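Trainee: These protein sequence lines map, in sequence, to chains A and B.
Position one of the first sequence corresponds to residue 1 (this note's numbering), numbered consecutively onward.
Position one of the second sequence corresponds to residue 1 (this note's numbering), numbered consecutively onward.
Heads up, some of the hints might be wrong.
One side only, chain A facing chain B, incomplete, derived with CB under 10 angstroms [claimed, not checked]: (1) Val4; (2) Phe34; (3) Gly43; (4) Gln45; (5) Leu46; (6) Thr51; (7) Lys68; (8) Lys69; (9) Pro100; (10) Leu101; (11) Gly104; (12) Gly106.
Note that these hints are calculated values from the structure, not bench results.
Note that the coordinates shown come from a computational prediction; the quantities given were computed from them, not determined experimentally.
Positions of the beta carbon are idealized from the N, C-alpha and C atoms, including for glycine.
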Amino acid sequence: AQSVTQLGSHVSVSEGALVLLRCNYSSSVPPYLFWYVQYPNQGLQLLLKYTSAATLVKGINGFEAEFKKSETSFHLTKPSAHMSDAAEYFCAVGNSGNTPLVFGKGTRLSVIA
Amino acid sequence: GAVVSQHPSWVICKSGTSVKIECRSLDFQATTMFWYRQFPKQSLMLMATSNEGSKATYEQGVEKDKFLINHASLTLSTLTVTSAHPEDSSFYICSAPGTGHNEQFFGPGTRLTVL
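In isolation and in its complexed conformation, chain A is listed as follows:
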């Protein structure tokens, strides 16, 4: 079975500050890992994904994440927060083929001017 734990249901940062959203996973097989962003009353937008290639993954909007197998982590970072980054962020884990994703509980990011 696979699972995802997102530490911190709510993170608040100042505009221009570093964004760090934490995600730890559990998987009995090599995982595929994803970060999605969801704005209010909208669907999911893929930020980035890890699929066993480079451990440092760059995504859209300046976000990146690093896969650390030893720590079973896939934390999401962005060097400088923008007001437009305020949203709900979900980490998800999957494996090969036609299998659904397992989502973490989400982290709400607030950006303070």
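With the hints as your guide, set chain B onto chain A.
Mentor: Leaving out everything else, chain B in the frame of chain A:
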């Protein structure tokens, strides 16, 4: 890129009525689609796996007689919420896998409100 659409984007219905939500893969075929439910301020929870030409597979705790799933073609899966009640009010999201590394394409979601 691959696109998944959902219709309607939102629906309000009276308690006891049935509501059908469509999920379409617009430019690719999907033998499998997934239906998720997201309650306010919560995460997405898998409800069922829709399989083209065969019965859907439901997650534990999801009533298959209440949430009817039909995957009639390689581009269309429907979720019918039968005899809807206020507790069924939620955001329903479908997804379809692509051909890449467990790539999932998500629909924009359907907001169901049952009065």
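Trainee: A separate judgement is required for each hint: does it hold in the structure or not?
Mentor: Taking the hints in turn, this is what the structure says about them:
{"no.": "1", "hint": "Val4", "verdict": "holds, 9 angstroms"}
{"no.": "2", "hint": "Phe34", "verdict": "holds, 8 angstroms"}
{"no.": "3", "hint": "Gly43", "verdict": "holds, 4 angstroms"}
{"no.": "4", "hint": "Gln45", "verdict": "holds, 8 angstroms"}
{"no.": "5", "hint": "Leu46", "verdict": "holds, 8 angstroms"}
{"no.": "6", "hint": "Thr51", "verdict": "holds, 4 angstroms"}
{"no.": "7", "hint": "Lys68", "verdict": "violated, 19 angstroms"}
{"no.": "8", "hint": "Lys69", "verdict": "violated, 17 angstroms"}
{"no.": "9", "hint": "Pro100", "verdict": "holds, 4 angstroms"}
{"no.": "10", "hint": "Leu101", "verdict": "holds, 6 angstroms"}
{"no.": "11", "hint": "Gly104", "verdict": "holds, 6 angstroms"}
{"no.": "12", "hint": "Gly106", "verdict": "holds, 5 angstroms"}
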